[in-house]
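Sequences and hints are given; from them, build the entire structure.
What follows is each chain in one-letter form.
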Amino acid sequence: MATTMPQPGAAAPAQNDVLVDIRGLKVHFPIRGGLIGQTVAAVKAVDGVDLQIKRGEVLGLVGESGCGKSTLGRAVLQLIKPTAGTVTFDGEELTTMGTNHLRRKRADMQMVFQDPYSSLDPRFTVGNVINEPLGNFNYGNRAQTDERIRYLLRVVGMSPNILNRYAHEFSGGQRQRIGIARALALNPKFIVADEPISALDVSIQAQVLNLLADLQSEFNLTYMFIAHNLSAIKHLSTRVAVMYLGHIAEIGPADEVYANPQHPYTIALLSASPYPDPDMEKTRKRIILTGDVPSPVNPPSGCPFHTRCWKAQAICREQYPPLESKPGTNVAHLAACHFPGQ
Amino acid sequence: MKIEETPDNFQALDTVGAVGNQPSTPEGIAALGGTEQQTAGVTQAELDRRAETETREATTEGQSLSPLQASMRRLGRDRRAMFFMALVLILIVVSYVGPLVWTRVGPTILTGAAGLDKSGPASYHNYVFEDLSRQNANSSSLHPFGTDAIGRDILARIMAGVNVSIEVALLVEIMDIGLGVTIGTLAGYYGGWLATFLDRFTDLMFAFPGLLFAILAAATLGPVFQSRLGLPGRLILVSMALGISVWPFMARLVRGQTLQLREQQFIEASRTVGSSNRHIIMSHIVPNLFNIVIVAATLDVVNTIVSEAVISLLGLGVQTPGSSLGLMINDAAAVIAVYPWEVVWPTAVLAILVLAFSFMGDGVQDAFNPRTKD
Ligand SMILES: Nc1ncnc2c1ncn2[C@@H]1O[C@H](COP(=O)(O)OP(=O)(O)OP(=O)(O)O)[C@@H](O)[C@H]1O
Ligand SMILES: [Mg+2]
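So the protein lines, in turn, are chains A and B. Using the numbering used here, read the first sequence as starting at 1 and increasing by one per residue. Using the numbering used here, read the second sequence as starting at 1 and increasing by one per residue.
Derived by calculation from the structure, the hints in this document are not laboratory data. Incorrect hints may have been included.
[Said to hold, decoys possible] Simulated restraints, written as ranges between beta carbons of each label pair:
hint : chain 1 : residue 1 : chain 2 : residue 2 : range
1    : A       : Ile-315   : B       : Thr-196   : 46 to 52 Å
2    : A       : Phe-29    : B       : Asn-369   : 50 to 56 Å
3    : B       : Glu-263   : A       : Asp-255   : 35 to 41 Å
4    : B       : Glu-167   : A       : Ala-42    : 51 to 57 Å
5    : B       : Ile-174   : A       : Glu-92    : 45 to 51 Å
6    : B       : Ile-236   : A       : Leu-35    : 40 to 46 Å
[Unchecked claim] Partner residues aside, some chain A positions facing chain B, computed with beta carbon under 7 Å:
hint : residue
7    : Leu-79
8    : Lys-81
9    : Arg-103
10   : Arg-106
11   : Met-111
12   : Asp-115
13   : Ser-118
14   : Ser-119
15   : Asp-121
16   : Pro-133
17   : Arg-150
18   : Arg-154
19   : Val-155
20   : Pro-327
We put the beta carbon where it would ideally sit given N, CA and C, even for glycine.
Structure, rendered in structure tokens:
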């Protein structure tokens with residue numbers, strides 16, 4: 001990555017089109033045990049992820065439950081300290097940043113949480129919730145803050161009259177909107193949306209998804225949008241990354257990945273999700289993955305997917321396949337597989 | 001801590017407003033601070049459309065009940081709890097206001113062993129005043145509850161004794177809540193050596209009953225405290241000993257709740273919007289501890305009142321001429337066969353006090369326990 005120091009003569013650091021640059025990121029949760037509580041093993045929730053998120057894009061991140069999506073998102077925002085690797089945000093390295101500096105930086109990177117219930121403090125009114133970021137950053141006097149809160153509520157489609165209500169009076173979808181208003185309060189550049197609709201009623205999901213899509217263009221936001229199936233993020237994502245057991249299995253422009261999946265795991269995921277295209281729907285054959293997801297404590301050697309892969313050969317058990325562009329695909333379309341393609 | 005203390009204050013604001021500093025197109029992003037500009041990112045028509053379509057359910061203006069208000073309302077509806085709460089309040093008010101009135105009520109009479117001293121109610125209705133001409137007197141208009149073995153007015157001594165019970169309970173609860181919440185929260189939030197220390201200390205206190213600890217402390221240190229601090233010295237010592245023995249339980253309770261709270265997403269959300277640990281503890285953890293602390297503290301009061309009475313009953317607490325319900329029972333025990341009322345009065349008041357607090361505690365528990373919703 002280019003140096004972030006301003007060049008002599010340059011007015012400002014060049015606007016890099018990569019907003020978030022993740023290199024070699026690992027998050028291992030120690031498992032303590034034994035007599036003196038020493039570390040006996042580790043959950044390798046994220047185990048070496050390289051990922052660049054470009055300004056203005058929506059990166060969809062999908063994978064089965066427990067594959068490390070939330071952990072990756074939280075590590076990117078430094079809500080958990082990564083075990084290894086770096087995260088460069090807008091030209092600044094976050095993993096080595098001091099606490100106060102990082103707190104200031106948080107204005108630029110926000111999160112929308114999966115659980116609309118646990119993500120709002122039951123003792124806070126709606127106004128308190130949205131005021132929290134504004135208060136932390138000394139937004140302005142009472143009147144200005146109040147104005148801002150009312151504005152944010154309207155932006156997310158809520159009436160400003162609810163300011164003094166407590167969160168428990170609202171439905172999941174409404175609570176999620178309040179959480180989105182909180183995330184928008186500081187005009188962030190980047191939002192990690194961690195399965196923001198998966199806890200909602202199906203009838204509400206589309207509304208919230210549309211709101212997030214609208215906000216993305218209205219506020220020039222960059223999203224890392226986490227979901228556990230590919231269909232949920234299809235119409236929103238510019239690029240899609242498929243995660244399996246702490247690794248990126250495949251990443252590429254959304255239409256490329258959907259049309260021409262390279263990694264057998266992506267193929268299986270696509271075959272399992274109802275496809276909106278009727279032609280594809282007719283021809284698609286379902287691939288049922290057999291076997292359980294291996295434990296992230298003892299991930300399989302070589303390619304972590306080999307234990308469930310119908311194409312697996314000896315090499316898959318021995319060597320981790322590099323994440324690289326495969327013949328016949330877009331250069332931006334990468335897969336970590338020894339035997340890619342259909 | 002707010003970020004305003006840092007010299008980079010405005011850098012923080014700049015960061016916030018950074019998007020607005022970009023060459024602004026008419027469709028640019030709403031800049032923070034500029035209210036008139038706020039609708040730049042989203043058109044007014046779009047805002048209206050959203051408000052129209054999405055929140056039909058929640059547009060009625062209003063203020064809803066806070067969790068505290070809801071609990072108070074539940075408590076208010078609990079007749080039994082309200083009755084006992086009123087009883088507790090009456091006992092407290094009477095024990096503090098009563099003596100002011102009582103020492104002004106009554107004629108001037110002759111007192112003293114020889115019956116030659118002229119005394120007014122300010123003397124003979126004072127809980128320390130000994131009237132050797134009226135020892136172990138029966139109930140009369142002068143002394144409705146009679147007098148004790150050295151002619152002190154039992155009503156006055158009971159009121160003074162209730163004061164002691166309340167004061168000890170108050171001091172113990174201040175320690176219990178102060179230490180328990182502070183250490184429990186810090187141990188739960190940060191873990192580390194504080195958590196280890198708390199565990200060991202609580203184990204010790206489990207193995208070593210608090211009352212026994214307080215008795216030993218009162219017996220060994222009582223004379224020292226009394227000679228240094230006078231009569232209230234004993235009261236302070238007993239309170240401290242009881243306080244030391246109860247706070248670990250409060251701390252453990254608080255720590256457990258803090259551990260649970262820490263996993264809630266609103267804590268992470270708070271961190272995400274730039275809150276410091278201190279801010280998170282003060283505005284998210286502590287307020288959410290309120291319910292369990294209030295319930296535990298109300299029930300602890302019952303134990304404290306009983307423990308203080310037991311210690312005084314053993315002669316290790318408040319010393320004569322001071323008064324305490326336990327001490328009164330102890331004093332009267334010697335003459336129980338002849339003057340049983342001298343034991344009955346303080347015992348009955350102690351029982352009423354304890355029962356009233358514990359029934360009130362039950363009501364508070366029902367009203368504040370997060371699992372009971374109406
Ligand atoms: N704080 C933690 N301590 C220990 N292990 C954890 C912790 N957080 C997550 N894990 C483990 O890390 C792995 C990845 O978890 P993560 O929550 O990132 O998965 P996910 O992909 O977000 O799943 P889901 O779709 O269910 O949200 C899981 O095995 C999980 O049990
Ligand atoms: Mg998750």
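Here is how each hint holds up against the structure:
1. A beta carbon spacing of about 49 Å between A/Ile-315 and B/Thr-196 agrees with the range 46 to 52 Å that was offered as a hint.
2. As the Cβ distance of A/Phe-29 to B/Asn-369 is approximately 33 Å, the hint placing it in 50 to 56 Å is violated.
3. Against the hinted window of 35 to 41 Å, the Cβ-Cβ separation of B/Glu-263 and A/Asp-255 comes to about 39 Å, which satisfies the hint.
4. Look at B/Glu-167 against A/Ala-42: about 54 Å separates their beta carbons, and that is inside 51 to 57 Å.
5. Taking 45 to 51 Å as the suggested C-beta distance range, the pair B/Ile-174 and A/Glu-92 conforms, at roughly 47 Å.
6. In this structure the hint that B/Ile-236 and A/Leu-35 lie 40 to 46 Å apart at CB holds, the actual value being about 44 Å.
7. For A/Leu-79, the shortest C-beta to C-beta distance to chain B is roughly 6 Å, which falls under 7 Å, so the interface hint holds.
8. Evaluation of the A/Lys-81 hint against chain B yields a violated restraint, the C-beta minimum of about 12 Å exceeding 7 Å.
9. With a least beta-carbon distance of about 5 Å to chain B, the hint placing A/Arg-103 at the interface is held under the 7 Å criterion.
10. Residue-level restraint check for A/Arg-106 holds (minimum Cβ-Cβ distance to chain B is 4 Å; threshold 7 Å).
11. Annotation: A/Met-111 was flagged as interfacial toward chain B, and the flag holds, the nearest CB pair being 5 Å apart, inside 7 Å.
12. Proximity of A/Asp-115 to chain B holds as hinted, the smallest CB-CB distance being about 5 Å (cut-off 7 Å).
13. For the restraint placing A/Ser-118 at the interface with chain B, the shortest Cβ-Cβ distance is roughly 4 Å, inside the 7 Å limit, so the hint holds.
14. A cut of 7 Å between beta carbons decides the hint on A/Ser-119: the least distance to chain B is about 4 Å, and the hint holds.
15. At its closest, the beta carbon of A/Asp-121 sits 4 Å from a beta carbon of chain B; the interface hint therefore holds under the 7 Å criterion.
16. With 7 Å as the threshold, the beta carbon of A/Pro-133 comes within range of chain B, its nearest partner Cβ sitting at about 4 Å, so the hint holds.
17. Annotation: A/Arg-150 was flagged as interfacial toward chain B, and the flag is violated, the nearest CB pair being 9 Å apart, outside 7 Å.
18. Satisfaction of the interface hint for A/Arg-154 is found here, the shortest Cβ-Cβ separation to chain B being roughly 5 Å, below the 7 Å cut-off.
19. Nearest Cβ of chain B to the Cβ of A/Val-155: about 5 Å, under the 7 Å cut. The hint holds.
20. Interface restraint check: A/Pro-327 against chain B, minimum CB-CB distance 41 Å, threshold 7 Å, status violated.
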